[in-house]
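Q: Once you've looked at the hints, dock chain B against the given chain A.
Protein sequences, first through last, are from chains A and B. Numbered continuously in the working numbering, the first sequence closes out at residue 316. Numbered continuously in the working numbering, the second sequence closes out at residue 1344.
Keep in mind that the hints were calculated from the coordinates and are not lab data. Don't take every hint at face value.
[Stated by the list, open to error] Chain B is faced by these chain A residues, among others (derived, beta-carbon under 7 Å): (1) Asp210; (2) Asp213; (3) Gln214; (4) Ala216; (5) Val217; (6) Gly219; (7) Ala220; (8) Pro232.
Just so it is clear, the structure is predicted and the values come from calculations on it, not from any experiment. Glycine is no exception: its CB is placed at the ideal position from the N, C-alpha and C atoms.
Single-letter residue listing:
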Amino acid sequence: MQEAAADNVQGRARFRHLADRKGFLGMLFLLPAVVYIVILVGVPFFLAIAFSLSDVTVGDTSLDFVGLDNFRSIIKTSQFQRALINSFLFVIVAQVLIIVLATTLAQVLSQDFRGKWLARFLIILPWAAPISLGTIGWLWLLDSKFSPIDWVLQTVGLLGPGTLLGPGNHMNFLGREGLAMASVIMVQVWRMLPLSAVILLAGLSSIPQDILDQAAVDGAGFWRTLFRIKLPLILPIMSIVLLFGMIFTFGDMVVVYLLTRGGPIYYTQVLPTWAFFKGIEGGALAEGAAIALFLFPVLLAVAILVLRASRRMEVT
Amino acid sequence: MATIETRGLKKYFGEVRAVDGVDLSSKEGEFLVLLGPSGCGKTTLLRMIAGLEQPTAGEVLIGGQVVNELPPRARQIAMVFQSYALYPHMSLFDNIAFPLKAQGGMTKQARKEKVEWAASILGIEKLLGRKPRQISGGERQRVALARALVREPTLFLLDEPLSNLDAKLRASARDELKRLQRRIGITTIYVTHDQVEAMGMGDRIAVMYQGKVRQIGTPQEIYHESGDVFVATFLGSPGINLMERDDCLVGFRPEHFLPKEVVEVQDNLTTFSFRVTRVEHLGADRLAYGVVSGAAGDIEIVAKLPSTVTVPIAAGQSYDFVVQKQHLRFFDKTTGVRTEPKHF
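Excised from the complex, chain A in its bound form (with noise of 0.2 Å):
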């Protein structure tokens, strides 16, 4: 009787001190997260690999191991090409776009100047609304007939019979093959522009400023200052912003999705979206996981490049 006593006394001791045990309590706070990413990431994704590698479709289900059929086939089909090469054009083009015009846009923003938290403010805008909100609005700005752009061009003389841009009266921004993929790739620039000029600002914001004072002092300018010494020190977080920024667009297809659809005919289609339409919209499932996952090797080979580069670059 007594000893059972002392046992328990004993036991709830323990179990006392176990909030006091480091690896039973990172344990404990780990758990949700790794349940997560296992049942929404890695399930699907282990999933995705086995769909890629079967006959699976819509109408059967049944997982038929066919090796590497899919790819092969997918591959030889010029749809595909086409998504790729957009793929690569839509990811490089919008990614250097936005490393320029955020980094300018940090550099502004990191000035002093009146009705500066109501610039930051419209800046984060596009980033804080919903993105379909934000494309829709855009459809409309690009309206093949009803365009705002289009009666502005026509109101300053740049389009109509006549003018630089002319003869037509439109410029059906996302009917012509290089224009909808433009559009698209401006879109995408909009979208991601805020996140990453915030980035590069608080990276910006991070330089000492006697080092700034200093470079003053030492008689370099607004130029020199900036490619000899801000982006120098801000390259780490840069490597990072084009990082995410890389691998975000690889894998989106929300503005495709809703500016285009892929279209004028193909012109614009991307693997995400591609992949999409087959795998789900035809419902040929397994050759969707293969088109969807054909990236995956080579976005893996990137991340773990760029940052193995962003930890030697790291100056202090």
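A: Below, chain B without anything else, positioned relative to chain A:
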């Protein structure tokens, strides 16, 4: 080389008067120290001279020219910050070469020679390939000085350049810096809150308090002939002893407060009965803490006795201590300004 002058220089940050009307002028090749407690405006004054802050009012003149409108890079100055502000992503060579590149108009070879010249003056030739994070604090300070030196500026501005060094290194760096300045003869403005640095290095010292220069003079002048109570109490360790007498404050330095038997002159002495409460043996000196009774009650007094004075002093005892009249200083009780000697 040039002189520096400020005329009625003011800098207000909202309600705060960081610098409140400073008139200062340096001599050619002078080592001028701005000394004062934290927040007295000395760094703000230096930053206005450098062009990093725009004055609220007043003028800055370098070599007789008003430079208020000139950006820092057009002022031909070099500055060393407290943090040294080395560019962390550049090698030491590139750090030192940076002002030359910014200045332009120099071949790569000429630049290399210049950097090596500056590095050799400070004895850091062997480190030039390294990055700032790979060297010690003392070495960083030398690199910062070499970078300041390399362009052969007309004016050197130093903002507490020794405060990040440990005590031993600071003493040798002080000596080195002073010799360097003598050798190259550049007019130097040196900001510090450390009176030992100021007294040891300055040709003249400007003591600042609450945005104003309270006194400017040689180290001896400001120590022995302090212009007001603030300057008198700020300088010296331990600080000056002060007693109230009628409408004035009477001050004397702890080293002038000595046992009667060791003072050889017999005339013009003021004698106090000094009740010792505690004695500190510091090696070179003995500090005796105690009280002197006066009209306004007990006043705490410190005596600093060099180790050559061997008279036994013990806590709890009273002794006759004297001050020679020539060492007494009188200050106005309300304004704190130095006044004429009075009968005491």
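Q: Honestly, which of those hints from before does the structure not fit?
A: none
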